[in-house]
Amino acid sequence: MLTLADVHTHYAKSHILHGIALEVRPGEVVGLLGRNGVGKSTTLKSIMGLVQPSQGRITFEGRDITGLASHRVAHLGIAYVPEDRRIFRLLTVMENLRTGLDRGGVTEARRTELLDKVYESFPVLGERRSQLGGTLSGGEQQMLAIARAMMLEPKIILLDEPTEGLMPRMVSQIRDIIGRLHDDGVAILLVEQNVGLTLSVSSRCYIMEKGLMRHHAPSADLKADPSVIHQYLGV
Amino acid sequence: MFEQILVQTVNGLVNGMVLALVASGLTLIFGIMDVVNFAHGDLVMLGGFVGAATVAQTGSFWLGLLVAALTIAVFGALLQISTLRPLIGRDPLTTIIATFGISLVLQKYALWQFGPTARNIPQPITGQFTLFYLQYPWYRLGAAVLAGAIIGGLYLFLKYGKYGIWIRATTQDRIMAGAMGIPVPLVHTGVFAIGAAMAAASGVLFAPLAAVTQTMGFDFTLRAFIVVVVGGMGNLGGSILAAIFISLLEAYASLVVSPSQAAIVSFVVLILTLLFRPTGLFVATPK
Amino acid sequence: MTPITSRTAPGFWLGFVGIVAVLAIVPLGLPEFWRRFLTEILIWGLLAMSSDILIGYTGMVSFGHSAFFGLGLYGAAAALLVMRSPNLWVALLVGLGAAAVVAIFVAYFATRLRDIYFAITTLVFSQIFYVIIFTWTDVTGGENGLSFSQPPFTVPGVFSARFSTVSLHWFILAVVAISYLLLRRITQSPFGMVLQSIRENEPRTRAIGYHVERYKIVAVMLSGLFAGLSGVLYAIQHRFAAPDFVFFTVSGEVVIFNVMGGMGTLVGPVVGAAFFLLLREGLSRFWTEYYLIPLGIAFTAMVIFMPQGMLGFWKRRLNQ
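Protein chains in written order, with the working numbering: chain Y, 1 to 235; chain B, 1 to 287; chain Z, 1 to 320.
Don't take every hint at face value.
Quick list of simulated restraints, FRET-style, between CB atoms [said to hold, decoys possible]: (1) B/LEU275 / Z/ASN201: 23 to 33 Å; (2) Z/ASN201 / Y/GLN55: 55 to 65 Å; (3) B/GLY127 / Z/VAL82: 49 to 59 Å; (4) B/GLY127 / Z/MET306: 25 to 35 Å.
Facing chain Y, a subset of chain B residues (Cβ under 10 Å, in silico) [unchecked claim]: (5) VAL10; (6) ALA53; (7) PRO92; (8) LEU131; (9) PHE132; (10) ARG168; (11) ILE175; (12) GLY181; (13) PRO183; (14) PRO185; (15) LEU248.
The hints are simulated quantities; they were obtained by calculation from the structure and are not laboratory data.
Ideal Cβ positions, reconstructed from N, Cα and C, are used throughout, including at glycine.
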């Protein structure tokens with residue numbers, strides 16, 4: 001469904017991605033692991049159109065989306081949850097959700113359905129729906145960032161380090177949410193530092209090092225043989 | 001003496017509201033796309049001329065207001081698409097220089113299109129009431145109320161409604177707004193058009209008070225800049241307060257010095273604000 | 001923008017002397033109007049160069065050069081009006097002094113404000129002078145301006161002669177040429193390199209250890225002094241001062257010279273000034289004021305598509 005082939009991306013003069021290739025099939029949860037700074041976030045941003053690749057191709061459902069503007073990428077069915085969340089701090093929880101909900105072609109019934117579903121998965125958001133996003137705690141903001149992406153009813157969600165800075169209790173909540181999304185048939189490309197979480201929720205993982213894709217294996221294999229993880233991540 | 005001060009208070013409030021209308025468009029534009037629109041005052045001027053021409057043709061002030069706002073809105077949108085979109089990502093100084101170039105063109109275009117004579121719009125609300133020792137025109141109050149209504153409408157539009165959310169989201173974080181499917185380039189054009197429409201409306205509101213001339217743009221731009229900076233760039237509420245504050249100060253100053261000298265008041269306020277409270281006088285906490 | 005590397009010494013000097021020679025000789029063959037016009041181009045060229053120090057080299061856009069120019073103008077005017085026997089050098093000193101005082105204020109702003117805020121402040125600041133000069137009719141003559149006489153060229157104690165159009169032209173040419181050489185020297189010195197580094201990346205320059213504020217102050221003083229000098233020269237040539245010269249239009253035109261000619265090249269702005277003034281003179285015969293419409297469009301287009309200006313454009317062409 002989503003393919004990257006030989007993608008190179010630069011930030012100003014730095015060559016961050018040196019020919020990345022990866023694939024996500026419909027409904028899959030795929031992990032993207034690697035040390036800090038190897039280009040995992042840049043990979044997600046390249047898909048989302050937030051940075052323009054200088055070379056290579058990104059295809060989604062057969063269509064070339066390389067360098068496409070981010071709002072078009074979102075309309076095609078790719079949602080993005082950035083690291084550091086980036087919810088709209090001066091908008092209320094409800095308004096944050098509406099940025100994804102207020103699309104063309106969504107009936108009133110469907111809107112209510114989506115909202116109910118989100119408030120059910122994240123009751124905290126329901127309680128705080130009239131509060132400004134900036135007043136939420138870190139964990140709540142993470143919930144909101146994911147809920148907001150879900151409002152787009154995407155086919156795939158790009159999740160960038162969702163558990164960063166969260167307490168263990170919230171981490172297991174994230175795990176549950178990923179599970180629910182997977183049950184709903186939404187594919188997930190998960191960038192994470194938390195290796196244990198990634199291996200347990202994903203079916204396979206890519207490992208990056210210095211802007212290159214170094215290894216690719218089913219998560220089960222990586223769980224069974226920790227030496228590979230150890231080699232690339234040192235954990 | 002006391003009565004003079006009261007009269008000037010009313011004057012300050014009235015002028016402040018019209019200035020606030022001009023400035024709110026400017027601050028909206030700056031807040032969302034980092035563009036300091038040097039040609040903003042010329043949009044006021046063009047609005048005044050279009051309005052005057054329409055009123056001369058049709059006799060209706062309201063039609064003049066509407067036509068001016070719509071025409072200049074469309075014009076503003078075209079301007080943004082052709083000259084400001086290519087400049088996205090470049091530093092704000094480039095846009096100020098580019099909009100300065102546009103300002104020159106607009107001034108001379110107005111001269112060419114509307115001729116060198118000043119235009120006037122007859123007051124839609126005639127008659128005066130007694131304000132202390134003066135006969136005060138009803139229209140002045142009417143203009144202030146109308147300006148306030150337009151700003152109020154803008155506020156409501158921004159606060160509720162889908163497009164208001166789009167605009168506020170894009171102003172806060174244009175990257176994530178795009179990632180949420182909000183068509184950011186369109187929002188930018190839309191906001192510029194709204195700002196232009198508000199400028200045009202203030203031109204029409206202002207016209208019955210004084211004549212519309214090709215060169216009046218610069219003065220409006222300058223005062224709007226000052227208001228926007230003193231109120232806090234991008235801060236709508238702040239600009240309104242700042243507009244009233246500065247207009248009041250100028251009105252009081254004109255009791256002591258000539259009106260052209262009273263203008264120095266706003267200049268000094270700007271410089272003091274920038275030196276001591278650069279994020280704006282009417283911003284809650286200095287960042 | 002890459003800094004100008006010094007052209008090889010003989011090549012540069014040859015070109016420089018050649019151009020100065022041409023500029024000195026040409027007026028002899030021109031009608032009176034064009035002689036004076038050429039002199040005026042030189043004066044505006046000097047103003048444009050002074051502005052380039054701030055805009056082109058240090059990256060600080062100023063919309064207030066009309067203040068420096070205007071105070072140089074009025075300062076010289078005051079001196080020439082007050083003195084019983086008007087003296088060229090005294091007028092020069094007073095004009096430069098007035099410009100320097102203004103420059104001190106602007107230098108202070110430069111240390112506290114960045115980018116747009118600095119630009120707007122310089123605009124507002126120069127408008128303050130405009131209002132003062134316009135309304136303080138008793139002292140400045142207000143709207144009507146001041147008329148005064150042209151001082152003779154004097155070498156103190158030795159020699160005194162009235163200027164003719166041509167000899168005045170030579171005097172101004174000499175002043176502008178020397179100013180150019182001085183400014184060129186400064187911009188190519190380590191000091192000039194630091195200025196450009198500030199333009200490229202101010203935080204980094206600060207991090208390396210340079211006192212950015214001090215450099216900015218000197219840049220502003222330099223810019224202000226040479227701008228004031230151009231004001232003095234204008235006073236001497238035209239014997240007339242008016243508030244119009246302190247109005248924003250002058251500052252705006254200076255920015256146009258800089259952008260069109262090519263920022264950060266010193267020569268570019270002079271070319272920009274010449275180009276603009278000639279175009280204005282030529283086009284206004286057909287289109288009166290409307291020449292600004294095509295010019296304004298061209299200018300805006302240049303800002304968008306050719307930000308390096310005419311000179312920068314040619315440099316790239318030649319380099320390829």
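Hint by hint, here is what the structure shows:
1. B/LEU275 / Z/ASN201: 23 to 33 Å: Taking Cβ atoms as reference, B/LEU275 and Z/ASN201 lie about 25 Å apart, which means the hint holds.
2. Z/ASN201 / Y/GLN55: 55 to 65 Å: 28 Å, violated
3. B/GLY127 / Z/VAL82: 49 to 59 Å: 55 Å, holds
4. B/GLY127 / Z/MET306: 25 to 35 Å: Once the Cβ atoms are compared, 56 Å apart, the range 25 to 35 Å for Z/MET306 and B/GLY127 is violated.
5. VAL10: 35 Å, violated
6. ALA53: 38 Å, violated
7. PRO92: Interface hint status for B/PRO92: violated (19 Å vs cutoff 10 Å).
8. LEU131: 41 Å, violated
9. PHE132: Interface hint status for B/PHE132: violated (44 Å vs cutoff 10 Å).
10. ARG168: 6 Å, holds
11. ILE175: Holds: closest Cβ of chain Y sits about 6 Å from B/ILE175, inside 10 Å.
12. GLY181: 4 Å, holds
13. PRO183: 5 Å, holds
14. PRO185: Result: holds, 8 Å to nearest chain Y Cβ.
15. LEU248: Nearest chain Y Cβ about 29 Å off; hint violated.
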